[in-house]
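Asks: This is what each chain is made of:
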Amino acid sequence: MSVLEVKHVTKTFGHNTNEVTVLTDVNFTAAAGEVSLVIGPSGSGKSTFLTIAGGIQTPTAGDVVVQGNGLSQLSGKARDALRLNRIGFILQAYNLVPYLTVKDQFALVDRVKPKGNLSAADLRHLLEKLGISQLTNQYPAELSGGQTQRVAIARALYQNPDIILADEPTAALDSERVKVVGQLLHDLAKEHNKAIVVVTHDLRLKEFADKTYAIMDGKMTVA
Amino acid sequence: MFLALKEIRHEKLRYGLIIGMIVLVSYLVFVLSGLAYGLAQQNTQAISSWNASKVVLNSDANDSLSQSLITKQTADKVKLTTHEAYIGQAGVVAKAKGQAKLSAQFLGINQSQFIYKRVKVTSGHKPVTSHQIMVDDSFKDNGYRLGDKVTLNSTDTQYKIVGFTHNAKLSVAPVIYGTLGTWRTLSHVTTAFQASGIITNRDNFKTKTSDLSTLTMSKFINKLPGYSAQNTTFTFMIGFLMIIAMVVIAVFLYILTMQKLPNYAVLRAQGIPAKVLVTTTVSQALILVVGGLAIGAALTLATVLALPAGVPMSFNVPLLAGVTGGILLTGVIGALIPVKVILNVDPVSVMGG
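Quick note, the sequences are listed as chains A and B, same order.
Position 7 (the first sequence) corresponds to 7 in the numbering used here; numbering is contiguous.
Position 75 (the second sequence) corresponds to 75 in the numbering used here; numbering is contiguous.
FYI, nobody ran anything at the bench for these hints, they're computed from the structure.
A virtual CB, placed ideally from N, CA and C, is assigned to each residue, including glycine.
Please note that a few of the clues may not be correct.
With a straight-line cut-off of 35 Å between C-alpha atoms, the simulated DSBU-like cross-links for lysine-lysine are [what the hints assert, rightly or not]:
no., chain 1, residue 1, chain 2, residue 2
1, B, Lys-340, B, Lys-6
2, B, Lys-160, B, Lys-126
3, B, Lys-340, A, Lys-77
4, B, Lys-208, B, Lys-72
5, A, Lys-190, A, Lys-103
6, B, Lys-275, A, Lys-103
7, B, Lys-79, B, Lys-101
8, B, Lys-6, A, Lys-129
9, A, Lys-113, B, Lys-340
10, B, Lys-97, B, Lys-6
11, A, Lys-115, B, Lys-12
12, A, Lys-115, B, Lys-6
13, B, Lys-140, B, Lys-101
14, B, Lys-6, A, Lys-113
15, A, Lys-7, B, Lys-340
16, A, Lys-113, B, Lys-275
17, B, Lys-340, A, Lys-115
18, B, Lys-208, B, Lys-79
19, A, Lys-113, B, Lys-12
20, A, Lys-190, A, Lys-7
21, B, Lys-275, A, Lys-7
22, A, Lys-211, A, Lys-77
23, A, Lys-103, B, Lys-12
Examples of chain A residues lying across from chain B (beta carbon under 7 Å, computed) [said to hold, decoys possible]:
no., residue
24, Ile-56
25, Gln-57
26, Thr-60
27, Arg-83
28, Leu-84
29, Phe-89
30, Asn-95
31, Val-97
32, Tyr-99
33, Arg-111
34, Leu-118
35, Asp-122
36, Leu-126
Far from chain B, some chain A residues (derived; all Cβ distances over 12 Å) [what the hints assert, rightly or not]:
no., residue
37, Gly-68
38, Gly-131
39, Ser-133
40, Glu-176
The task is simple: from the sequences and hints, build the whole structure.
Replies: Below you can see the structure in the form of structure tokens.
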């Protein structure tokens, strides 16, 4: 079942002679229970695609439909609520607050969204699976790049979103950890019926994807 | 509040310095306000203790009690009731054997009139003869005791301290209460002069003679030598200090907020409402300001306890509430300035290309 549809999306920046088209007539569908991989080199428009799909940016033309809701019809507040409750972001910039311990990163989610998050047991299981269960009292500055990225993944999954949008989630991980994260995303899609969209240039993730798209110069094609 | 407290706990040095700055600002404002109020009090304590409404002075005295002399002939034209009292003022230097000289204000009063009845005695009794005086408690701090014989100015006449009264100061000098006869002696005037002025506690009191002018008590107080200039100076100092405090706190909070924008952008990308981030910023400012105020108030209290009794520092609830509210308000305004930046934070700024 399709939960995320990107319909004829075009995105341009600048005006007149400075106008740059980053995405051209992009169409994309993500279904529950599937991992969709969007592969492309740096500057190909991957992150712009992801921000538009998640309602952070608005397209110049076209629309995004999330679980039947056209984002262009929603107010900023409603888009915030949709991101908080339905969409989990795993960002390149990691999404950790520097003055919160790993444990408090999850406590923050509980305070903003008290219902619908993972149970304590599920969180413990998730942290163990990602190999970071012993880091709960550490601050982000005390973690390695790979550990930080895994905590960021756990934090996004803790919200128990229906759709997970991940921007280069394995950029700082070794091959062993790439397999763990890839398998985790795959299991989440299959066991918990999540729609997972990963934009990356890491081809090691291809084996965990159900569908693979290529993006080049703003144009998306099925790989 | 959760984010605000967690950040303060984690960034102890940074927030400690900001609280330290607020402590210094609030301490300075508290001390200056206390001094301003204390000095103002010492100008008017004696007058306030009479609980009077108006003062009648010689119309040529330029609204100054010390410059005013009312002749008996003029005084007789004014019909006094139990609500009026004569008062004679003279600046004196008091000295007693073995004690330091003290500059004071002598106030001659009539024991059958209301001022005499309203003056409160802390020890001893009120003067009943022309050789008896009752003095402000501050004489005690200078070694004067009940029964001490005091000379006033260059006269050889000795006056016995028969009583002490609390908070009796006029123009920042301790008051000596005595009789109107003693006032005449000290002022070198004859019985042709009745008093320096007439004090009344009737709001509708009027005189019909053009030789006298009637002033409201607030106007009379504002005309006390140096009183208005001193109060205006302190008011401006405190006002400017509050403005500077607001600018400094606002700049600090603005810089802090700008440093946190990448974190806020990530949180916004995750759907954390802007309201949560604004509440965090404002509550953090309130925590810092309240913390700084509490420490500043404790330091002020310690200073008050450590200061010698002669330093005119004094507080009251409206003053403290006003100063505290003012600093809190500056903190909130300072925190609200970067709110627009928070509301406009762009989550895309933290996304890769």
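Asks: It remains to establish, for every hint, whether it holds in the given structure.
Replies: Results of checking the hints against the structure:
no.: 1; hint: B:Lys-340 <-> B:Lys-6; verdict: holds (23 Å)
no.: 2; hint: B:Lys-160 <-> B:Lys-126; verdict: holds (11 Å)
no.: 3; hint: B:Lys-340 <-> A:Lys-77; verdict: holds (16 Å)
no.: 4; hint: B:Lys-208 <-> B:Lys-72; verdict: holds (16 Å)
no.: 5; hint: A:Lys-190 <-> A:Lys-103; verdict: holds (27 Å)
no.: 6; hint: B:Lys-275 <-> A:Lys-103; verdict: holds (23 Å)
no.: 7; hint: B:Lys-79 <-> B:Lys-101; verdict: violated (40 Å)
no.: 8; hint: B:Lys-6 <-> A:Lys-129; verdict: holds (28 Å)
no.: 9; hint: A:Lys-113 <-> B:Lys-340; verdict: holds (24 Å)
no.: 10; hint: B:Lys-97 <-> B:Lys-6; verdict: violated (66 Å)
no.: 11; hint: A:Lys-115 <-> B:Lys-12; verdict: holds (32 Å)
no.: 12; hint: A:Lys-115 <-> B:Lys-6; verdict: holds (22 Å)
no.: 13; hint: B:Lys-140 <-> B:Lys-101; verdict: holds (13 Å)
no.: 14; hint: B:Lys-6 <-> A:Lys-113; verdict: holds (18 Å)
no.: 15; hint: A:Lys-7 <-> B:Lys-340; verdict: holds (33 Å)
no.: 16; hint: A:Lys-113 <-> B:Lys-275; verdict: holds (14 Å)
no.: 17; hint: B:Lys-340 <-> A:Lys-115; verdict: holds (30 Å)
no.: 18; hint: B:Lys-208 <-> B:Lys-79; verdict: holds (10 Å)
no.: 19; hint: A:Lys-113 <-> B:Lys-12; verdict: holds (28 Å)
no.: 20; hint: A:Lys-190 <-> A:Lys-7; verdict: holds (25 Å)
no.: 21; hint: B:Lys-275 <-> A:Lys-7; verdict: holds (31 Å)
no.: 22; hint: A:Lys-211 <-> A:Lys-77; verdict: holds (32 Å)
no.: 23; hint: A:Lys-103 <-> B:Lys-12; verdict: holds (20 Å)
no.: 24; hint: Ile-56; verdict: holds (5 Å)
no.: 25; hint: Gln-57; verdict: holds (6 Å)
no.: 26; hint: Thr-60; verdict: violated (14 Å)
no.: 27; hint: Arg-83; verdict: holds (3 Å)
no.: 28; hint: Leu-84; verdict: holds (3 Å)
no.: 29; hint: Phe-89; verdict: holds (6 Å)
no.: 30; hint: Asn-95; verdict: holds (5 Å)
no.: 31; hint: Val-97; verdict: holds (6 Å)
no.: 32; hint: Tyr-99; verdict: holds (4 Å)
no.: 33; hint: Arg-111; verdict: holds (5 Å)
no.: 34; hint: Leu-118; verdict: violated (15 Å)
no.: 35; hint: Asp-122; verdict: violated (19 Å)
no.: 36; hint: Leu-126; verdict: violated (17 Å)
no.: 37; hint: Gly-68; verdict: holds (18 Å)
no.: 38; hint: Gly-131; verdict: holds (23 Å)
no.: 39; hint: Ser-133; verdict: holds (21 Å)
no.: 40; hint: Glu-176; verdict: holds (24 Å)
Violated hints, listed in ascending order, are 7, 10, 26, 34, 35 and 36; each of the other numbered hints is respected by the structure.
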